[in-house]
Amino acid sequence: MNNVFVYIEIEGTEVREVSQELLTKGRKLANELKVELHAVAIGTGIKGKVEEQILPYGVDKLFVFDAPELFPYTSAPHTDIVVNLFKEEQPQICLMGATVIGRDLGPRVSSSLTSGLTADCTQLEIGPYEDKKSGKTYENLLYQIRPAFGGNIVATIVNPDHRPQMATVRSGVMQKAVYEGNCKKEVVYPEVGKYVSPEAFVVKVLDHHVEAAKHNLKGAPIVVAGGYGVGSKEGFDMLFELAKVLHGEVGGSRAAVDAGWIDNDRQIGQTGVTVHPKVYIACGISGQIQHIAGMQDSGIIISINSDPEAPINKIADYVITGTVEEVVPKMIKYYKQNSK
Amino acid sequence: MSLKIIVLAKQVPDTRNVGKDAMTAEGTVNRAALPAIFNPEDLNALEQALRIKEQNPGTTVGLLTMGPPRAGEIIREGLYRGADTGWLLTDRLFAGADTLATSYALATAIKKIGDVDLVIGGRQAIDGDTAQVGPQVAQKLGLNQVTYAEEILKIENGKATIRRMIDGGVEVVEAPLPLVVTVNGSAAECRPQNAKLVMKYKYAACPLEVAEDDARKGLRTGRPYLNLTQWSVADVDGDPNQCGMSGSPTKVKEVQSIAFQAKESKSLTGADADIDGLIKELLNDKIIG
Numbered sequence: 001m002n003n004v005f006v007y008i009e010i011e012g013t014e015v016r017e018v019s020q021e022l023l024t025k026g027r028k029l030a031n032e033l034k035v036e037l038h039a040v041a042i043g044t045g046i047k048g049k050v051e052e053q054i055l056p057y058g059v060d061k062l063f064v065f066d067a068p069e070l071f072p073y074t075s076a077p078h079t080d081i082v083v084n085l086f087k088e089e090q091p092q093i094c095l096m097g098a099t100v101i102g103r104d105l106g107p108r109v110s111s112s113l114t115s116g117l118t119a120d121c122t123q124l125e126i127g128p129y130e131d132k133k134s135g136k137t138y139e140n141l142l143y144q145i146r147p148a149f150g151g152n153i154v155a156t157i158v159n160p161d162h163r164p165q166m167a168t169v170r171s172g173v174m175q176k177a178v179y180e181g182n183c184k185k186e187v188v189y190p191e192v193g194k195y196v197s198p199e200a201f202v203v204k205v206l207d208h209h210v211e212a213a214k215h216n217l218k219g220a221p222i223v224v225a226g227g228y229g230v231g232s233k234e235g236f237d238m239l240f241e242l243a244k245v246l247h248g249e250v251g252g253s254r255a256a257v258d259a260g261w262i263d264n265d266r267q268i269g270q271t272g273v274t275v276h277p278k279v280y281i282a283c284g285i286s287g288q289i290q291h292i293a294g295m296q297d298s299g300i301i302i303s304i305n306s307d308p309e310a311p312i313n314k315i316a317d318y319v320i321t322g323t324v325e326e327v328v329p330k331m332i333k334y335y336k337q338n339s340k
Numbered sequence: 001m002s003l004k005i006i007v008l009a010k011q012v013p014d015t016r017n018v019g020k021d022a023m024t025a026e027g028t029v030n031r032a033a034l035p036a037i038f039n040p041e042d043l044n045a046l047e048q049a050l051r052i053k054e055q056n057p058g059t060t061v062g063l064l065t066m067g068p069p070r071a072g073e074i075i076r077e078g079l080y081r082g083a084d085t086g087w088l089l090t091d092r093l094f095a096g097a098d099t100l101a102t103s104y105a106l107a108t109a110i111k112k113i114g115d116v117d118l119v120i121g122g123r124q125a126i127d128g129d130t131a132q133v134g135p136q137v138a139q140k141l142g143l144n145q146v147t148y149a150e151e152i153l154k155i156e157n158g159k160a161t162i163r164r165m166i167d168g169g170v171e172v173v174e175a176p177l178p179l180v181v182t183v184n185g186s187a188a189e190c191r192p193q194n195a196k197l198v199m200k201y202k203y204a205a206c207p208l209e210v211a212e213d214d215a216r217k218g219l220r221t222g223r224p225y226l227n228l229t230q231w232s233v234a235d236v237d238g239d240p241n242q243c244g245m246s247g248s249p250t251k252v253k254e255v256q257s258i259a260f261q262a263k264e265s266k267s268l269t270g271a272d273a274d275i276d277g278l279i280k281e282l283l284n285d286k287i288i289g
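Taken in sequence, the protein lines are chains A and B.
Going by my numbering, the first residue of the first sequence is number 1, and it counts up by one from there.
Going by my numbering, the first residue of the second sequence is number 1, and it counts up by one from there.
Because the hints were derived from the structure by calculation, they are not lab data.
Heads up, some of the hints might be wrong.
[As the list claims (entries may be wrong)] When the alpha-carbon atoms are kept at most 25 Å apart in a straight line, the in silico DSS-like pairs for lysine-lysine are as follows:
#, chain 1, residue 1, chain 2, residue 2
1, B, 266, A, 333
2, B, 286, B, 4
3, B, 286, A, 244
4, A, 278, B, 263
[To be verified] Each pair of labels, with its calculated beta carbon distance range:
#, chain 1, residue 1, chain 2, residue 2, range
5, B, 186, A, 219, 23 to 33 Å
6, B, 36, A, 204, 36 to 46 Å
7, A, 201, B, 287, 45 to 55 Å
8, A, 207, B, 58, 25 to 35 Å
9, A, 232, B, 172, 45 to 55 Å
10, A, 237, B, 84, 42 to 52 Å
Cβ atoms here follow ideal geometry from the backbone N, Cα and C, with glycine treated the same way.
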């Protein structure tokens, strides 16, 4: 009862990093609330293969559901397992990755349990709440903090009267860390048939194809990011060249992705990847909050923008007032000259 | 086979290119400065529906939206692009709905419409980016769902074959009808408005959009397709406690515009000397290698 739950996302027998990041966050929340951290892992042939990828992150109790056809993920069987487990366990908080799976499963579970769900949270905290209408006060609610309205505002959402309080978080937003404290590390293997009926397996996956990531934007020490000011797809070629000489990766703002200049898996921001590089070079990016939310923790921020008033300049360590076309080739040139 | 398709659509403020004038001096969003548009991924959804209609004679495509009376605009836009009909859910009781209360309202209306084979919507709306309403509608209707769809490849023998995006890859799934599908922005773009349909539906309107002294009242009397359906909570036999603010488990505790901690920054120009100096400084400090 009343514990913190994390839904573990698994590709084959490999636990996705986002779930480990959530376990680390979930552990902190559980400690603050003085409750246990539980995890639920659902898949096929995972028994004996996933436990060690999950328990080190501070899990008190892990529920492993292992049966045929639970991988690849389909909505109904995973929903049934989570919903029926939650009816027994009555958790107060449930965290999921804001991934394709988490964003398919989360709303389905929340609708089944009539509980509130907040998507794409960037911060999770515990605190009190007073309902101004009823005057009722609440202690220890989960503050689900997320940018809203295209990232122009930040909203703190609470679910005062419904449990579990559910939130999804994107990959890379939280940082994973093996837990040094004590936890129970109990593992149970419930009978799958008691939680899901055969009728749930009506959607068939005919083909499932996952490629290893084409780039390592999330972990790159240097990120060269382009926005609308880059001007064209060809303009991005220059950014790729700069990233190559600096041994970095290229990302883009939502505006650049929407314009079709760069693949959407390279989008940096609240609705894309969150990065924490040593150096972030923003090329022609104005700096909407939705973008800044995905890169503000970078070490050194260099902004190249023809508009000296661009909002991103406020958080930049170096502001270069000039066009991307002019400045980026010079950076390549002088890096080559000086680095020898 | 002929199918009955409902496309879920939302009128949203265009948050994609928010300029400086879209924020007020107090840092709040100036909604008036943002144009109201047809949510982009809902247009991708409409295109999938129209393609199915072309391949399956007798199929009808209706557009369902919830919003203030002006949201009738997007029903007209849907009609211009090839939809057959539309329903506007509008009522003060719907106001302030979170995703759960929204999905309750939409699911209730879909039940009222009845005998639906396919419900297709965009993956998410650009004013909230939650992607929650589609799956929640599916759950409330007790239907299966396929999210992040890129193309509905075929519909045969009561089953849809759909290609969908997943993290780092693609999947092809087969799901029985009736079904809820949400369509990703990477799917085919929606066809443009058709001039003939614009002529036909230009004066289509919901009752709340029409003023008492409207000069075109007579025109609408003879042409039933110009009278768009408008439903209140009572019209769809909805439970007011599950609608709008009262049906929403999530509450907004506070809203802030974030002011980022301004840093002391060095200002440079694009001149060679400045760039050369910067690169040298970064190399000396071992910030870049």
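Taking each numbered hint in turn, which are not upheld by the structure, reported in ascending numerical order?
-> Hints 2, 9 contradicted; others consistent.
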